[in-house]
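K.L.:
If you want the building blocks of each chain, they are given just below.
There are 2 protein chains.
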Amino acid sequence: MLFFTQCFGAVLDLIHLRFQHYKAKRVFSAAGQLVCVVNPTHSLKYAPTLCAAVQTSTEQGILPPCHHHEAVHDPQLVPCMCPLFSCPWEGHLEVVVSHLRQTHHINILQGAEIVFLATDMHLPAPTDWIIMHSCLGHQFLLVLRKQEKYEGHPQFFATMMLIGTPTQADNFTYRLELNRNQRRLKWEATPRSVLECVDSVISDGDCLVLNTSLAQLFSDNGSLAIGIAITTSKVHNSEAEM
Amino acid sequence: MLFFTQCFGAVLDLIHLRFQHYKAKRVFSAAGQLVCVVNPTHSLKYAPTLCAAVQTSTEQGILPPCHHHEAVHDPQLVPCMCPLFSCPWEGHLEVVVSHLRQTHHINILQGAEIVFLATDMHLPAPTDWIIMHSCLGHQFLLVLRKQEKYEGHPQFFATMMLIGTPTQADNFTYRLELNRNQRRLKWEATPRSVLECVDSVISDGDCLVLNTSLAQLFSDNGSLAIGIAITTSKVHNSEAEM
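Line order of the protein sequences matches chains A and B.
Counting from 1, one number per residue, gives the positions in the first sequence under the UniProt record's numbering.
Counting from 1, one number per residue, gives the positions in the second sequence under the UniProt record's numbering.
Just so you know, the hints here were simulated from the structure itself, not pulled from any lab data.
It cannot be assumed that every hint is accurate.
Copies of the same chain are indistinguishable here, so a pair counts whether it falls within one copy or spans any two.
Said to hold, decoys possible - With a straight-line cut-off of 25 Å between C-alpha atoms, the simulated SDA-like cross-links for lysine to any residue are:
| hint | residue 1 | residue 2 |
| --- | --- | --- |
| 1 | Lys186 | Ala229 |
| 2 | Lys186 | Asn39 |
| 3 | Lys186 | Leu34 |
| 4 | Lys186 | Ile108 |
| 5 | Lys186 | Gly91 |
| 6 | Lys186 | Trp89 |
| 7 | Lys186 | Gly222 |
| 8 | Lys186 | Gln216 |
| 9 | Lys186 | Ser213 |
| 10 | Lys186 | Gly111 |
| 11 | Lys186 | Val95 |
Just chain A, same shape as in the assembly (with noise of 0.2 Å):
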């Protein structure tokens, strides 16, 4: 009888995982865009006093360091980009994609204008949102994240990086926008290169940023749509002075 019960359980521990798997991967269309729908993960790297903790446990080099813009020129050797996790894992800019795939089972969608639907905007920080996105001929990594900078305060950053070099990534420009009862906020920069740290461009606070009363207005059901449109800057520059 234990053994039948111990059976159940398992067979239905992995029907779980199944039905957790396919939720993370939904993706369907609604008025000609693409939606993905994406699922939590609580951050096991992030204490709530994050910045510090992470300074710190840099600089004493438990955790892959942060490579900023000045510092990495002709990388050889980069350090996985997945802020979700301290992976010891090193490779070259090339396969980073493949191994935040294989490894991360981080979900790539592809069209120059996506929505992304992060559900569960209620679970508690430190949380990120992660999705990469193929676009131009390029792939960027979307990192939304729920974070306490200040203690009993969560707010959410989203920022699109590039999987390639600053230099790259100074030729596009990435747009996020919520839309959603007759209020509508936009946020467009250039994309960081994903060798400068995201923890760093949350830290500057140079990306979206929304307190949780922001982003209950815009919510849905405990879910954030988030717009996502990628274009090139200097096709932009070049137009501009036509």
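Knowing the structure of chain A, use the given hints to seat chain B on it.
P.N.:
Positioned in the frame of chain A, the structure of chain B alone reads:
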């Protein structure tokens, strides 16, 4: 000798006052847009723990009470909406503009699109930057407030309110836009009526919210330029239907 020193001091004070008055009214045109330089006013009404303080005082009847959407349908007498001071004035909605101009010296600007240039962003909270905007046959009140919702972490809140009823306000859409250093942030919403309390709009966070780091990214030499545009929502809706 003492008499002369005092006289000289008084003259200096007058010159300073005159200069402040001049600064507050500086309006110029840049790239076809009307730019209005708005100087800060350190609010005497608000303590750092503003919400609780104001609400408590309001309940005790010390400050003019906030009128909410549901409460006021056919207002006869309304209190002064100037968020700067706890002004004992009361009057009809039609004479609010002249009261704000004459008693609180708040500027009024004409034009469909204007640039609100808030100076001295570094000043400590609580600080307000206020202007009136006359457009599409109505007057609007733009309030930028630096406030510490969380002690030690000042934030900037910007909102636009119609000097009219909530029903009239529903006919409009306002847009606030920040644009600097290849970054752009846009907020679009329906203005609230000044019959609703500006304090409640800000405490709800239903407005453009900037933390200090984002405000610094968009500031130039301590001044923040906010592009303002107002459109009629009903025209937009009928256009969309066409």
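K.L.:
Take the hints in turn and mark each one as holding or not.
P.N.:
Verification of the supplied hints:
no.	hint	in the structure
1	Lys186 to Ala229	both (11 Å within a copy, 15 Å between copies)
2	Lys186 to Asn39	within (23 Å within a copy, 27 Å between copies)
3	Lys186 to Leu34	both (19 Å within a copy, 23 Å between copies)
4	Lys186 to Ile108	within (23 Å within a copy, 28 Å between copies)
5	Lys186 to Gly91	neither (35 Å within a copy, 38 Å between copies)
6	Lys186 to Trp89	neither (35 Å within a copy, 39 Å between copies)
7	Lys186 to Gly222	both (20 Å within a copy, 24 Å between copies)
8	Lys186 to Gln216	both (16 Å within a copy, 18 Å between copies)
9	Lys186 to Ser213	both (17 Å within a copy, 18 Å between copies)
10	Lys186 to Gly111	both (19 Å within a copy, 24 Å between copies)
11	Lys186 to Val95	neither (32 Å within a copy, 36 Å between copies)
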